[in-house]
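Chains A and B, in that order, give the protein sequences.
Every position in the first sequence, counted from 1, becomes a number in our numbering once 988 is added.
Every position in the second sequence, counted from 1, becomes a number in our numbering once 988 is added.
Bear in mind the hints are in silico, worked out from the structure with no lab data behind them.
Any given hint could be a false lead.
Copies of the same chain look alike in the list, so a pair counts if it fits in one copy or across any two.
What the hints assert, rightly or not - List time: in silico DSS-like cross-link candidates among lysine-lysine, alpha-carbon distance up to 27 Å:
1. Lys1005 / Lys1508
2. Lys1198 / Lys1005
3. Lys1359 / Lys1263
4. Lys1263 / Lys1528
5. Lys1297 / Lys1348
6. Lys1292 / Lys1198
7. Lys1374 / Lys1508
8. Lys1374 / Lys1476
9. Lys1348 / Lys1359
10. Lys1476 / Lys1439
11. Lys1297 / Lys1508
12. Lys1297 / Lys1396
13. Lys1539 / Lys1396
14. Lys1476 / Lys1263
15. Lys1388 / Lys1297
16. Lys1388 / Lys1359
17. Lys1292 / Lys1539
18. Lys1297 / Lys1198
19. Lys1443 / Lys1488
20. Lys1359 / Lys1292
Protein chains: 2
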Amino acid sequence: MARPDLTDPPPPRSTPKCGQMQQQPLRISTLIEFAERHHGDVEVVSRRVEGDIHRCTWTDIARRARKVAQALDAMALPAGARVATLAWNGHRHLELYFGVSGSQRVLHTLNPRLHPDQIVWIANHAEDSVLCFDMTFLPIVQVIHARCTTVRHWVALCDADQLPADTGIAGLQSYEAWMGCHGEDYSWPSFDENTASSMCYTSGTTGNPKAALYSHRSTILHAYASALPDSMAMSARDSVLPVVPMFHVNAWGIPYSAAMVGAKLVFPGPALDGKSVYELIESEGVTFAAGVPTVWQMLLGHMKPAGLKFASLRRTVIGGSACPPAMIDAFREDYGVDVLHAWGMTELSPLGTVCTLKNKHLKLTDQEQMKIRMKQGRCIYGIDMKIVDGDGHDLPHDGKAAGDLLVKGPWVIAGYYRPEGTSPLIGGWFPTGDVATIDPDGFMQITDRSKDVIKSGGEWISSIDVENIAMAHPAVAMAACIGVRHPKWDERPIVCVVRKPGAEIGRDELLQFFEGKTAKWQIPDDVVFVEAIPLGATGKMLKTRLREQLKDYALPGT
Amino acid sequence: MARPDLTDPPPPRSTPKCGQMQQQPLRISTLIEFAERHHGDVEVVSRRVEGDIHRCTWTDIARRARKVAQALDAMALPAGARVATLAWNGHRHLELYFGVSGSQRVLHTLNPRLHPDQIVWIANHAEDSVLCFDMTFLPIVQVIHARCTTVRHWVALCDADQLPADTGIAGLQSYEAWMGCHGEDYSWPSFDENTASSMCYTSGTTGNPKAALYSHRSTILHAYASALPDSMAMSARDSVLPVVPMFHVNAWGIPYSAAMVGAKLVFPGPALDGKSVYELIESEGVTFAAGVPTVWQMLLGHMKPAGLKFASLRRTVIGGSACPPAMIDAFREDYGVDVLHAWGMTELSPLGTVCTLKNKHLKLTDQEQMKIRMKQGRCIYGIDMKIVDGDGHDLPHDGKAAGDLLVKGPWVIAGYYRPEGTSPLIGGWFPTGDVATIDPDGFMQITDRSKDVIKSGGEWISSIDVENIAMAHPAVAMAACIGVRHPKWDERPIVCVVRKPGAEIGRDELLQFFEGKTAKWQIPDDVVFVEAIPLGATGKMLKTRLREQLKDYALPGT
């Protein structure tokens, strides 16, 4: 700065209210523009429904997303219209992610694992205008299409020559014919960053499905937060395998965060067996993978007998349900892969916490670290959380007090999509329905679902704790703990158990197994042996169904 | 989800426009709230002006920031009022960062290295109401205070008993007395995220200083982006040493990103010599440090003769000016420290690019990687950039074409603070004043400042290239290349050279040294030996001053 040049400042004026920074709305289209401009040659690799391995780049995805946008324009589909998908993880699904939301329509990812009746109900509730589906799901679409009253366009995610002649679905088009006829020239529209971008229905265990309606802003902020070193730590050096489906809360946002950092994306398609996933990890140099525990169980089950190792995989994020400690150990010690627990839900876009260690933990022993790793983790900035008692009073973050977990943040829902009137929030906080502890370092651990916790004589018993003890018995294949009415204690726990094939175990033997493993009053009052425990579409135990089945059950001595 | 429970969807309704996500403004106060709630016991360590090492935690910083806010309230200071600082990196400065901005005032970090006349000019232009200063700068304040016509409150960053009796500054208070009398109970106010949060004047080499006026939104988005793995990769496992001053574009945003991820912060105070910095790195387990090349030169200068090594340091980010390759090598090979080049400017909050490798580069040789590492790096998502020719037409990203570098993004200024009327933007893009190339992988390399590039016969000659060659000669201490008028070629380069003490070198010998190192027409036409090259307050060469000094110079033969 040159000294002699100091002319007098202008005369005083009013106080500045706003900063003078560029107003650039946080829009999903800017992600794909960025990936094309700065990481254009980075690959997107898909194992397709057809069985082959498809290779393209972020540039290809960007170009084809622009064609999708124009195909929607050509249908005269208005802003905000819902475009549904019934699809596996693959490049065409990715193109729809950007083409639909980028052109100001709402991407609605339907879960093909639901019962057809449920899919129909959800498509009608969302009033989907277009439905794009993988050929795997043609039989489902053939069953439901006549009942999806708002869907006017059916698009099969395949080449024109793969479209069967007579599907019975009027006007069915192939994706490649539908979008392929458009050019690559297209400018993404400008609009407010709070505009709806995508929606996802919850797999609630009771009541009708409810939808989270995400915005462009919430999606971008979630992508920033989830790529941070303490979250998924995603970079341009990563090759990322989202095993978690793109119909499960947007594959935990990975399609967006991968575009944000220019990571290579590897899609498994429908092949989620251990062998297929292993081969993809090795052939595509996957460094980071994300999914639910069952997938990793299958993967390790394939690798162990064959003595296989990973060449490139360095870390996995596991969410959806708690990961058994033995699996975390196996990944770390036998395969050199860091396993991170994460916790989230549809209403949180989904990421709430990730279990990465703090500086102070680095000097702990492996065993001490494992105690922390088993927790669901700590908040990423943007999310805040607290636990409250039955009266809504804050409970201490001491790692002991368990209470209802509430969260807030810019990627947490304010309400469900229709009905809009009834806000689920409590003083601005979203009640997660989970019961949890939070320790002084901010690490949260889910102890139960609110509706599954057993309230016995004013104290809470975690159904998950009871189930974990039962399942540690070598003769137990599966266990579900529920509360039953008790004249004195209000509720008492019983445990429903499926025996392993050929295994024998009786009531008293199992109850004895609890001795010394938990407080006496937390030991269940009874064991009910059952053939099977009812499971929902996403593999969660349906305790409501179990309670119905046992509605005539009476506790011994009551 | 229970199947039998599918009641009919509600009747059709209008298309959703907005997502239904929580509206949580991006405010700086939420950073310090987050750090307190989730990383409360993480340390903030400061070497103070007093010479001692001060230790506190994020909880302490949060509590004291709330006291600062109340001290400002007690002064009845309105929203938007400017609170200036003249201070080193330390915990009290950090408290002001959060206390001032969090309470809706504007933090104005003054650069104490400027001439007192410039500080007066800037304080008057900004209309600062309060000025807080480290005791080191008491002599400056004593010189300027009478001329700072808008400042009503003077606060010395010290304990009450350290305040000298007679400073001549009316109403001078000690920081500890000023804010210490307030309680810790305080709720941060709610306001729009585009509200002004802080300001920083550019150290321009011509004209009057100009200010960037940052917003809460731009600051938070910048913090997210700068903590990403491809940027500064900051996490709760880091101990971070910002050697870059908090009066230089908010220490590159590190006070904010450290709070965002719960990192330990280590402040060097005024002691930036090699020994002090080294001792702090070792005693505080610093894993990551950020600063300009001169600081690292001093650090290595201290370590090398003594054979010292780092126990914890893993990476540094170097910005401000290009880092000599030899220094990058030394850090990597001798000390195992990764050196990242970064590029930014006051108008960019400051981060624009960081030079982290991509997946495809990992298999390159060290030498090939070094070629990439020497570039200024690639965009972090949020920033976009392009290069244009003299007519404003886009130039290719081929790593060869050099043009004016333009940037845009939500943490780039839209205009300067007063005058507001004259937008510096060109079609929404901010012209950086740098000349650069961008390669097909998106890596940008600064080749010159726009105003320093020499336009010879329609071609551009990079003054930096010429200087780098000259400075590679063992007899040259410093070199500055400028253009002078030429009747045929419009401009031709000459190089002004300061010889090393005792070294001898003549004009012809130095010009011969250029042979084979650059194209013939890019070799300077003359060498002018000078005693010294004028430097600005931040160590940059003042070529305008040099041009003035040589205004009577004529090229040989013209």
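message: Within a copy, between copies, both or neither: which one fits Lys1297 and Lys1508 at a CA-CA cutoff of 27 Å?
response: neither (44 Å within a copy, 56 Å between copies)
- prompt: Within a copy, between copies, both or neither: where do Lys1374 and Lys1476 come within 27 Å Cα-Cα?
  reply: neither (32 Å within a copy, 74 Å between copies)
- request: Have a look at Lys1539 and Lys1396 and pick one of within, between, both or neither, based on CA distance no larger than 27 Å.
  value: neither (37 Å within a copy, 64 Å between copies)
message: Within a copy, between copies, both or neither: which one fits Lys1388 and Lys1297 at a CA-CA cutoff of 27 Å?
response: neither (39 Å within a copy, 43 Å between copies)
- request: Evaluate Lys1348 and Lys1359 at a C-alpha cut-off of 27 Å and name the case that applies: within, between, both or neither.
  value: within (14 Å within a copy, 37 Å between copies)
message: Reference check for the pair Lys1443 and Lys1488, CA-CA at most 27 Å: within, between, both, or neither?
response: Classified as neither: same-chain Cα gap 30 Å, cross-chain 83 Å, threshold 27 Å.
field: Homo-oligomer pair classification [Lys1263, Lys1476; C-alpha up to 27 Å]
entry: neither (54 Å within a copy, 72 Å between copies)
- prompt: Between Lys1297 and Lys1348, at a C-alpha cutoff of 27 Å, which is it: within one copy, between copies, both, or neither?
  reply: between (31 Å within a copy, 23 Å between copies)
message: If the cut is 27 Å between Cα atoms, do Lys1263 and Lys1528 qualify within a copy, between copies, both or neither?
response: within (25 Å within a copy, 59 Å between copies)
message: I want to check one pair: Lys1297 and Lys1396. Are their C-alpha atoms no more than 27 Å apart within a copy, between two copies, both, or neither?
response: neither (41 Å within a copy, 45 Å between copies)
message: I want to check one pair: Lys1292 and Lys1539. Are their C-alpha atoms no more than 27 Å apart within a copy, between two copies, both, or neither?
response: neither (43 Å within a copy, 78 Å between copies)
field: Status of Lys1292 relative to Lys1359 across identical chains (alpha carbons, at most 27 Å)
entry: within (25 Å within a copy, 42 Å between copies)
The structure does not agree with the numbered hints 1, 3, 6, 7, 8, 11, 12, 13, 14, 15, 17, 18, 19 stated previously, though it agrees with the rest.
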